[in-house]
Structure formats: C-alpha cells, structure tokens
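Student: Chains X and E, in that order, give the protein sequences.
With our numbering, letter number 31 in the first sequence gets 31, and the count goes up by one each step, no holes.
One gets our numbering by counting positions in the second sequence from 1 and adding 270 to each.
Hints are computed from structural coordinates only; laboratory data are not their basis.
A few of these clues could be false.
[Unchecked claim] Across the chosen pairs, the derived CB separations fall in these ranges:
no., chain 1, residue 1, chain 2, residue 2, range
1, X, Gln66, E, Pro497, 45 to 55 Å
2, X, Arg268, E, Gln291, 18 to 28 Å
3, E, Phe344, X, Ile203, 49 to 59 Å
All C-beta atoms in this analysis are idealised placements derived from N, C-alpha and C, irrespective of residue type, glycine included.
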Amino acid sequence: MSAQLEDFVGKPWRKPHFITNPFWRWSLIVITVVYLILAIGSLEVSWQRVYLGLERGWRFIVGFSQPDFESRWSDIYDGMVESVIITITSTVVGIAISIPIALGAASNIAPMPVYLLCRGIISVSRALNEIIVAILLVAIFGFGPLAGFLTLSFATIGFLAKLLAEDIEDMNKSQAEAVRSTGASWLQWVNFGVQPQVMPRLIGLSIYRLDINFRESAVLGLVGAGGIGATLNTAFDRYEFDTVAAILIMIIATVMVLEFLSGYIRARVQ
Amino acid sequence: MPSKINANNVKTWQVRDRNGQLFRWALWMGAAILFYISWMRISDQTTWYFFFDAPRIAADIGGRAFPPRWEYIFSLGKPIWDTFNIATLGTIIALTIAVPVAFLAARNTSPKLPLHPIIVRLIPRFIHNFVKKVTGQDMVSVGIVRPLALLVIVSTRSINSLIWALLLVSIVGPGVFAGLLAISIRSIGFCAKLLYEAIEEIDEHQVEAVKATGASGWQVMVYGIVPQILPAFAGIAVFRWDINIRESTVLGLVGAGGIGLQLQGSLNILAWPQVSLILGVILIAVIIGEFISAKVRAAII
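Turn these sequences into a full structure, and let the hints steer you where they fit.
Tutor: Shown next, in the form of structure tokens:
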C-alpha cells in the first residue's frame, strides 16, 4: 500500500475511467463511432427541400404570435369537447377495469394462475402502441370517438394495473393482517386492509393517467378515432398554420392546467 | 369517533361522520353525472349496428390477415434500420440539448439573472401575486432563466411526437429526417424534466466539499454534480430510447419514415397479410427494446 502511495506522490490526480476494462472501453467507443457513421450515412436529407420548407417553418412560428381562434372555432370547439369526453370516459372505464386486474396481478394477494393471467393482460396492453390499437379498432368499429374511447381504456389498463399492482405488493402486511384477524371476509379485508394503503397512490396515478389520456386523445384523430387530432390534421393539410397554432396552444394550456391540478391533488392526498 | 344509531338503537362504528359521508356522496354523484353526459355524447355519434357487427368484421379481417406474407419481410430490412436510427440518433440529439436545459431549469444550478426593475414594474400586479402563490418566491428573485427553461420543457413535452412529425413533414418534407427531428424535439422535454428533478435531489455536501477545495464553477459541476446524476442520466437515456423505439414505429403513418410507412402503405391497399407481418415485426422490435432497456437499467441501478 505504501509503495502505491509513493507512486502517487507528486503526480496530479486523474479521474478514474467510467468503464475500467480498457478492452471493453475501446471496443464500445469503436462500435459507437462505426454505428454513428453508418447511421448518419444512411440518412437521406435533401437540404434543398429543407431550405424550401424554412419559409413554412417561419410561417408556423409567426402563426404562434397571432393564433387564429375565430375562423375555425366551431371545428376546434367540437374537437376539444370530443377529446375531453374521450379522456373522461376512457379514464373512468380504464380505472374500473384495472383495479380488479391490479388485485389479480399482485403476487402477495392472487393465486398463481390468476397472477399469470392478469400479468399477461398487462403486458399485452403495454406492448401495443396506442396508435396501432386505434388503427385496428377503427377498422373494426368504424370511424368515431368510440374507437378512441376503447383504445385509451385498453391502454389505461396496462399502465394503471401494473403500477397499482406494484404498490399493492409493497404494502404493509401487518395492517392487512390486523384486519384479517378481526374475522373480516375477503371483500372486507381488501376494502379495509388493502384499499386505504394504496388509495393515495391510486388517486395520484389516476390523475396522472387522465393527463396522459388527454395528450393521447389529441393524436388519435390522425387515424380517425375522434378528437382534436382530426381538426389538427386538416389544418396541417391546408397549411393553415395560424389555426394549427391556436389548436396547439389550447392543447398545451389544457395539459399545463391538468399537470398543475394533478400536482396539487397529489400533494394533498400524499 | 363517527358512529350512527341503527334500527335497534345500538351505536355502530362508521368510517366517516355525516358531513364527510355527504361530501363523498356529492362527489361521486357529480362524477357519475359527468361520466353519463360524456358517454351519451359518444353513444350519439356511434352507429351501434356497426358495434354489434364488430365480431364478424374482426373475424373477417383476422381471416384475411393470416397467414402473414412471409416473403414480404425482405423488403422490411431498410425500414427497420431507419426506425432504429430514428430512435437512437433522436435520443442522442435530445440528450445533448436536454442536459443544458436541465441545468438551467434545476433550482440549485439555474443562474439567477434578476429581472430588470423597469420590466418588473411593467408586469401587472396579479401576475406577481400568481407567481408568488405558485412558486412561493418573489418573481424578482425567481429570475428569468428558469421559467424559460421550464417553458421549453413543457412545450416540447405536451405535444405528442406524432404531431411534431406532422408539423416537421410539412416543413422539411417527408422522410427519415422529419421523424428524427420529431423524436428529438419530443424527447427534450421528457429527458430534461427527469434530469432536472435528479439534479435538484443531489447531495449538497459533496458539492460544498468540491467548492471548499477552491474549484471553479465548471469544476464544481464536473466533479461535484455530474458524478451524482450520472446513474440517473444513463437510466433516463435508456428509458427514453425504449419509448422512442415504440414511437418511431408509428411515425411513418404521417410520412416521417421508418416501418410505419410500410404499415400505412399496406393498410391503404388493404393488404392484410402484410399488415399482420409488419405488426408482428413491430411487436418483436418493441419487446427487444424493452428487454435491452430493462437489462441495462438493472445493471446501472
């Protein structure tokens, strides 16, 4: 040790490397550089087209300084109301379905076969992208807000049930045990032993999901599943950037209000 | 302790007192009415005949989609490579921008540039009061840099990458480049938000120890703050990369490159055997992405 210390004396300190093995460090660097060269090489950017588009980009930015709410107000209003409606219904139905699934997916409550089934439902719901589900549901149920509602309900299940199940698995066992020892039935046990422990988290997650569902409902219209997305798509197709700016401002404002509200409520319940 | 007297004149225990109970009932009632009104609007716009016909349609589409057209997989190589590039390069670009934004947004590292007194006087009183109520600080001491950084985070985060793609396709033209930019912009807010929360939670003692050696501002950053947030940074990077893989698979629907372009093309000509093959490939890509991200995060944390 003292010999090593002798070596250090008089030399400046150097930061240890992030990856200590030099072979791995260098091969990682080489792989990264080769990948970057290949990837950037396969990008086909037509700078001429980008240059032509800059004028449109500028019009978009200008559109934000004078957003046009009036000329398409009825379309914007209908789209926003539809988005809000899809958000509310899908969040309510999604939560209602995900609570039993979360109970089934908590390994400390559910028996093995139920656990596997519920975990299976959750992973299917999480693996499928909302837009892809929406495309399939529009093909099956036809255009309109029903497809959007079903899509978001389905997506809510994977998100909420997974996080709620993890919270149930982390709960304090002795509290639940105390309720059980009074001779409570299974339903009473869940209602008075488990539910009060996970309720703050459930409320927080539900409001967070309401926020996510609103954002998602804004794009579902692109594939015909209802909401403000359809109006937005039309506005883009007509290059009406002042209307686009108005819609985007409304989306951002709604999201900010929801985020503020969710922060406030979560601070209150936790 | 809240209790009620039942029919046999016996006091029984209750979770809440009468007012609490009534309040809850009113809340539930209001929520139920809101849900009912919303549901009726959806119901009005739905042709219920199609809804009940759906199982037959689903079976019909399912019958057409199977078996998948396996030989089509050879034309999916380039789109998959593009999708992977959009996600990876997009994450790298987003992180390079998100790091400075996060440092500007975090309370403990954000530079405190005070507002000029003239500007302060121009701002109406109610805005001052609002800022004070929300942040708990005087507007003058909050400065201007942090709100600007937060604005960047909120505005890039609240717009979905598909909408960014829609916008960028109309600006830079259809193709991989538009998708790459869309993914990058969308990821900035997400990464910066998580990163600045990590910066706000660092251990100040370590920073102080580095400061006590006489280190300059940059040295404090590199030796006092960066090592503390490096694990969080790596976790955020891999997490966002995983999400970007998912999102870049559908960007093609609005013309922004990747495998979504093939999906849109196949859907337009109702080539269901190709659609099922593409969906299968997307599912496998998403699962591989999630597997890699879970492995890397488990190794870091």
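Student: Would you mind marking each hint as holding or not holding in the structure?
Tutor: Here is how each hint holds up against the structure:
For glutamine 66/X and proline 497/E, the Cβ-Cβ distance of about 47 Å falls inside the hinted range of 45 to 55 Å, so the restraint holds. For the pair arginine 268/X and glutamine 291/E, the supplied restraint of 18 to 28 Å holds, since their beta-carbon distance comes to about 19 Å. Hint check: phenylalanine 344/E to isoleucine 203/X, Cβ distance near 51 Å, so the stated range 49 to 59 Å holds.
Of the numbered hints listed earlier, not one is contradicted by the structure.
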